[in-house]
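Student: Note that the protein sequences, when read in sequence, are chains W and V.
If you read the first sequence in the numbering used here, its first letter stands for residue -13, the second for the next number, and so on.
If you read the second sequence in the numbering used here, its first letter stands for residue 34, the second for the next number, and so on.
Keep in mind that the hints were calculated from the coordinates and are not lab data.
Where hints are given, some of them may not hold.
What the hints assert, rightly or not - Straight-line Cα separation of at most 30 Å, BS3-like style, residue types lysine-lysine; simulated pairs:
id	chain 1	residue 1	chain 2	residue 2
1	V	Lys113	W	Lys316
2	V	Lys249	V	Lys266
3	V	Lys122	W	Lys316
4	V	Lys259	W	Lys88
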Amino acid sequence: MKSWHLHRRTFLRGTGVTLALPLLESMAPAATAAQALPKRMCCVYFPFGVSLPPADHDEANWNWFPRGEGRDFGFTSTLESLEPLREHVTVLSGLSHPHGHKMGGHDTGDIFLTAAPFKGSRFGNSISIDQVAAATMGHATRLPSLTLSSDGGVGEPTRSTTLSFSDRGRPIPALANPAQIFSRLFGDDDDALEMRRRRLSSSASMLDLVLDHSRSLQRKLGKQDQEKLDEYLSSVRAVEQRVERSQRWLEIPKPEVDPGAVNLDASPKGPEEYIRAMYDLIFLAFQTDTTRLATYMLGQVAGATTVANSFPACIGLSGNWHGLAHGAGKKGGYAKLGRFDQFLAQQLSYFLNRLAETPEGDGSMLDRTLVLYGSSNSRTHNNHNYPLLLAGGKQLGFQHNQHLRFTEKTPLSNLFVTMLNAIDVPTAGFVDSTGEMTEVMS
Amino acid sequence: MMRSLYLALVIAALLRVELCAEPDLPSQPEFARHVRPLLQEFCLRCHGDKKQEADLRLDLLDPDMVTGADAETWHDILNKLNLGEMPPKEEPQFADRQRETVVDWLTGELQRAAQARRSTGSHVVLRRLTRYEYNHTLRDLLGLDRNFAGELPPESTSADGFQNNGATLRMAPLQMEYYVQAARAAMSKAIVTGPPPEVFEFHAEESAKVRRVKGKVSNRLDGKNKYLARLEKFPREGNVIVRVHAGAVIAEGSDYPRMRVTMGVRSDTQAPEAVLAEADVAASEEDPQTFEFRGRIEDFPLPGHNPKYPGLQISIYNVSAGQPDQKRNSKKDKDASPQSVIVIKAVDFIGPVFQSWPPEHHTRILFERDDDVAEPDYVREVIRRFMERAYRRPVQDEEVAGVQALYDKLRPQVGSLEEAMRDTLAMVLISPDFLYLLEPNAGSTPQRLTEFELASRLSYFLWSSMPDDELFRLAGAGELSRPAILEQQVQRMLADPKSQLFVDQFSSQWLDLFGLDRVAINPEFYPKFDDQLKNDMRAETQAFFGEILFNDLSALNLLDSDFAMLNAPLARHYGIAGPRGTAFERVPLTPSDHRGGLLTQASMLLRNSNGEDSHPIKRAVWLLERILDDPPAPPPPDVPELDPNEPDFAKLSLKQQLEAHREKAACNSCHRRIDPWGIALENFDATGRWRTEVEKKKGGRVPVEVEATLPGGHEVRGIEDLKAYLLQHEKQRFARALSTKMLTYGLGRSLGFDDTQTVDRLAEEFAGSDYRLSRLVTAIVQSKPFQTK
């Protein structure tokens, strides 16, 4: 269904939309109104690291990290657009995934949300935190989670174009086209309810028979082929479950959202419009409670294959992203990369502002949304000291307006554990975590 | 040769096929004789039995990187050497020659290890249809010219650069969901219900008027306005025809102006539309011509069911290159070539069009039913015929019965046989037998392909789609695998227009023509560059490859040719007098054109630039990887690129910059083998235009320097020399490289050591045929890897 087939509708802006949910056993009927308000998480990744001039350098003001630490800190030019959001933002330095230390400088994007040991010839990844959360809370919304990237698809191991990985460590294809994403989230079906019901029921039968038939195929195949067929079979099974889920959601209309609210024609050739369109879509998905979990990979680390490599040139900065990152140490290089870091931070601010300006309960949407933003390189190729920023979640127990500095004794996974627990996904540990990160909590 | 042979055996052993006696590992003597003594002298004092700085002990590392466990550690060591971090500054240093010995050995061994890791042991891993194969297969299967793959995620690229590698192609729930959707949508178009639909006809001469909308409308299109037709009534399904009656006033010395026809809707602020077609207008205003365009109405933005602005819009634009553009500033307009005007006389619309009702794509599936055939028998036959084509093989009765069970379940729930059949056959389209190229072989030894499997390999190699009736017929008769028939079929398939897909896909993947989109040309440096031109550049290279294949010319033309395939915008970009239209034509070249061969094509030159200037290293790596199949080692971590902003550096010519770069021994060990290839191409700027001077960023111009010494010591001066050198000395490597790439594409898998002999033979046969691509294709099809599973 194409977006322009949609009826004209009123765009839900800042109304704190409440939507009917299907009656699910897992939903406690006695839940109070406050508890029923959603808790959400969004993780955004960008490649190639950031500009990190030394403190005494002429261009020190283009260092991504703020000056000072604790509450007494000041944003540099790079993150200055976040100044009005200070009360909602914590900058974290010194964190990283210990397993990433041994990996190639270009290889760690894959484990940003998985923390997996991922090296050598096997390249086996493990589940990402959004999917951990989806397993617990995904049933409450029409879509369990939303996976986006500028490149789309899954890419190749070490150059994945998605941040999300299933419980078996399989990459989850990311969507990249705003019109397609919009249609997936809000595209309505013009067909009558009866028709849709019938279609779902026949889908269930189709998938069932396909599974039946394919199992017998397994025996005829060699080992390598069996693995591929297994990937197919588990995909069919997952779709079966989705069909079942859709049947439960059948009578609840999709939220009505005006396609004019998002620039659906935006393409990566216009990075500002495009990145904002992606953020708008996440915002709308959250606002309509279509999902509570989202990931967005702004670009991947292969300069030669990511569409994001041309982002700087498209906004009038000289050179490609990979080149800017490599040239950071040269004269004027810190400022050049810093300007691009600043541009990306401005887009984040746009997203955070939309969340902050939308009331929800007795706060804003941002107060119930955790936004993790960062890279798995500090400077390019360096897998330590990730530039990281955590925003939102005041009503989930987080405190902000601080710059926290950690040593390598604290793995990034500790933050993941704290984030997951805060959105009601009980988590004792995640991969290499050593505890919770209490510093971000009030 | 010996070395790779031995390694092939090692791999075979790994795969538990057969273990042979252990001869000396030829790469080990190299290690023992040349490398180990150097490590001993420069490294072991700190990384040996007495001391293990950084927990590293070199003397115990396994020098065999294919079977040993230490390849990763060796890789780290190579990086340290390349970065110049080891040995530490205060310690004795390698002489340059010594460093090269160690680096070359490490690089070679690591490459072999990487190849071994990619190898799937001569086995094509169960291969899913790629996005484009899926699309073309559905088109051929259903006889419907639509885009069926629009929603599917983009494909990954394998380490050797191809998208059709079975091991790389994956499946995921989201993707499966879109397959289900696409299958349903496809079947609901293929099978029609009810009486023939109403046909809408429309005729207009004067352009419609617009209110409160940007831009002017007119029948005379000068590039700043458009022609507009508004249709109140239109179909929502089916094929439609738009006829445009138009002529042009062509400015003197100008190319034919180009017309773009779009269909879409007017919404609130935007007017979404999709392009129906583009065409050159060569006719005069006095003697206009009629253009007929066909499209599928569902592929265009249509109004919703209760829109604010009802109706369908047909818009026509003048999009000639060099035409002034509203968006651009006036300074550039002065440079634009004189304006040509397209004059629209009339526009007709008719749709939906169909030759018969139900249409052919319907009766192809639901063929005419004899009165005396009972519904279950008819249904069984419909399903069987459809399955055989979709699965690309004969099907068993049980398989048909399984699908028919779904039909039986659905039939009572819906009004008609047609509706039940849509869902039933959609199920066939999500089966693994359709989505994957199944070649079952549970044994551990290779087997011959069945006739039908061979038919599919052939058709996906040369057509990116399913086999046609003749291939099916020959496979059914058991004749396809006969060498003479097979060769005949290859010729027939290459002569079929569908082989254009082989040209387009193979050339784009081999040469990475997609890379053009990842470079943004900086308008500060190239104010007149039109991004549209990138499409022409890609098309030039595809047309060039096609010209060589279809006319059975020598593939050495890829290295140098006395002709080019050009259209008007690209010819103007190159400064060559060429065709006046946008279609590609063969244009003879003279030496002063400085063109001929892949290396002079803008697709390659622009892809390997940084959008501001040429990038000799990228160009060299591209040449080594794609043309000679001898990729250099990937760069070590933390190496800064050449930076044009370094003030002192900026004064140097690029060649001097690279020289300065190579003065560092650490850089030199790899770059001495890379840079010269790219320096010889310095006469071409970032967009592929010829130049004799380079404009420096900080002002001033310096002459281009193109003198380079190739790794073997051969001196070249610019592109002509380089091409002459390649033709004289590198024909073998080129033949081997192209054989390797095409075999990889044809098989849909990475090659392993055990394919070495096949590649040798292919290269030999290819060269022996005077480098005819058709011969190479045939030899691949006849090779053992192509015929076994």
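Student: If a hint holds in the structure, say so; if it doesn't, say that too.
Tutor: A quick look at each hint next to the structure:
{"no.": "1", "hint": "V:Lys113 - W:Lys316", "verdict": "holds, 21 Å"}
{"no.": "2", "hint": "V:Lys249 - V:Lys266", "verdict": "holds, 24 Å"}
{"no.": "3", "hint": "V:Lys122 - W:Lys316", "verdict": "holds, 23 Å"}
{"no.": "4", "hint": "V:Lys259 - W:Lys88", "verdict": "violated, 59 Å"}
Taken one by one, the earlier hints fail for this structure only at number 4.
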